[in-house]
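S.K.: Listed below, chain by chain, are the residues.
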Amino acid sequence: MSEKKKRIAMIASKADIAGAYPPLILATTAAAMDYEVGIFFTFFGLNMLKKKKLNKLKVTPVGQTAMPMPIPQIVGMIPGMTDMATAMMKSWMKGANVAKLQELMDISIESGVKLIACQMTMDVMKIKRKQLIDECEVGGAATFLEFASEADITLYF
Amino acid sequence: MSDTKIAKTLNAKGLSCPLPILKTKKAIMEISLGEHIEVFSTDPGSVADFQAWTRSTGNELIANSEEGGVYRYIIKRIK
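Chains as they are written, first to last, in the working numbering: chain H, 27 to 183; chain W, 4 to 82.
Looking at chain W on its own, in the form it has when it is part of the complex (with noise of 0.2 Å):
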């Protein structure tokens, strides 16, 4: 996915459930529909908040991944 555009980075690593959500939340707000924000996290818990929240809420996680212990995610806002 090194194609996809990034419209955001969020840094949400050493912060524990549920900031790495809400920031998420808020930050996606700023960017417009369609834009892909990425999102680095250290919560082991985020890999299954992640694909719960963008279920919830209809936005599309492109992308996850995890290196060295810290998570990737892009997720295209579609709500």
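Bound-form chain H, shown alone (with noise of 0.2 Å):
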């Protein structure tokens, strides 16, 4: 095993459902490619590595105009329609399989992703250390960019 390995860094800064999966998806399947994989998590991404989080993150049907089902946006503002939203959305990927993105973070974290939690969206929100997972790194910028900078693809979402 002398051939260097690929690499892949991502930066996840979303944290709806539709935000949510690229990053994962991508993540899990590159470390069965048996790529090194690093994902910085930052801003609204950050809430991924919030233990007990990802099962319940949702998707807002304002700005959504693609939704399989269209919401009209003004109707999209109405309480309650962010979780009707995330219902339908939920047993539409449940209807094909899709796997839970708690499913795919259990993946990441077996197959040895690094997650980085970006320091200063931590201090910005006020979230303590002890409330992301521990599998978690945490770090910044110039933690990202080390990483990054060996990187054969590099990805923002």
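FYI, nobody ran anything at the bench for these hints, they're computed from the structure. Honestly, I wouldn't trust all of these hints.
To give an idea of the chain H side of the interface with chain W (calculated C-beta under 8 Å), a few residues [as the list claims (entries may be wrong)]:
| id | residue |
| --- | --- |
| 1 | Ile51 |
| 2 | Thr54 |
| 3 | Thr55 |
| 4 | Ala58 |
| 5 | Met59 |
| 6 | Ala122 |
| 7 | Asn123 |
| 8 | Val124 |
| 9 | Ala125 |
Computed cross-link-like contacts, DMTMM-like style, restricted to lysine to aspartate or glutamate with a CA-CA straight-line distance of at most 20 Å [unchecked claim]:
| id | chain 1 | residue 1 | chain 2 | residue 2 |
| --- | --- | --- | --- | --- |
| 10 | H | Lys31 | W | Glu63 |
| 11 | W | Lys26 | H | Glu62 |
| 12 | W | Lys26 | H | Asp60 |
| 13 | H | Lys84 | H | Glu129 |
| 14 | H | Lys77 | H | Glu163 |
| 15 | W | Lys16 | W | Glu69 |
| 16 | H | Lys116 | H | Glu129 |
| 17 | H | Lys31 | H | Glu136 |
| 18 | W | Lys29 | H | Asp60 |
| 19 | H | Lys120 | H | Asp132 |
| 20 | W | Lys26 | H | Glu136 |
| 21 | H | Lys32 | W | Asp52 |
| 22 | W | Lys29 | H | Glu129 |
| 23 | W | Lys29 | H | Asp132 |
| 24 | H | Lys32 | H | Asp178 |
| 25 | W | Lys29 | W | Glu63 |
| 26 | W | Lys26 | H | Glu129 |
| 27 | W | Lys16 | H | Glu129 |
| 28 | H | Lys82 | H | Asp42 |
| 29 | W | Lys82 | H | Glu62 |
| 30 | W | Lys79 | H | Asp60 |
| 31 | H | Lys77 | H | Asp160 |
| 32 | W | Lys82 | H | Glu29 |
| 33 | H | Lys32 | H | Glu62 |
| 34 | H | Lys79 | H | Glu129 |
| 35 | W | Lys26 | W | Asp52 |
| 36 | W | Lys8 | W | Glu33 |
| 37 | W | Lys29 | H | Glu136 |
| 38 | H | Lys152 | H | Glu163 |
| 39 | H | Lys40 | H | Asp109 |
| 40 | H | Lys82 | H | Asp109 |
None of these values were measured; they are calculated from a predicted model. Don't be surprised by glycine CBs; every beta carbon is placed ideally from N, CA and C.
Two chains, two frames, some hints: make the complex.
M.R.: Okay, structure coming up:
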């Protein structure tokens, strides 16, 4: 095994359901392809590292003009519509046997994906280290850039 | 390829991307180098994905076929 492993570095900055899936799908698949994988969780993306939070992420109908069942934007602002859209989206995904976010996170951890929590976001949103899962590390821009500087693929979500 | 001995069979039918690949990766680590794993999937995207995955990991896609919407792959563990 002398050949150098490929590396992928990603930034996850969103934490609605549609924003949380792509980095975790690519992280687990890249790990299955023997890549070194790192994700930097910043701004809202940091919610993905909160304990017991992943399966509670939502999707808001406001701004989602391409939902399979279109909801008029003004209706999307009515209280309860976000929960309704979330329930609908989850049932579609369950129907298509899509892995749950928590399952993908578990596989990421199991396969050694480097999970970096953004320190600055923790300060801004007053999130304590103990609120985050044990498996992540805390770092800043330089921590991510050092890892990303050797990456073959870099993606921003 | 009926004479290829199968060391392990993985049923990934009904699962969506990327689960067939993730489960195949996990399962192939449980067989020895040179042994074969057989995978069943109903994900049409798995055709391109199994080719890409075997090329990337250095394992060998010995056979792939489709019958009634079920895709069958035989992969030899090289790495």
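S.K.: Sort out which numbered hints this structure fails and list those numbers smallest first.
M.R.: Structure breaks no hint.
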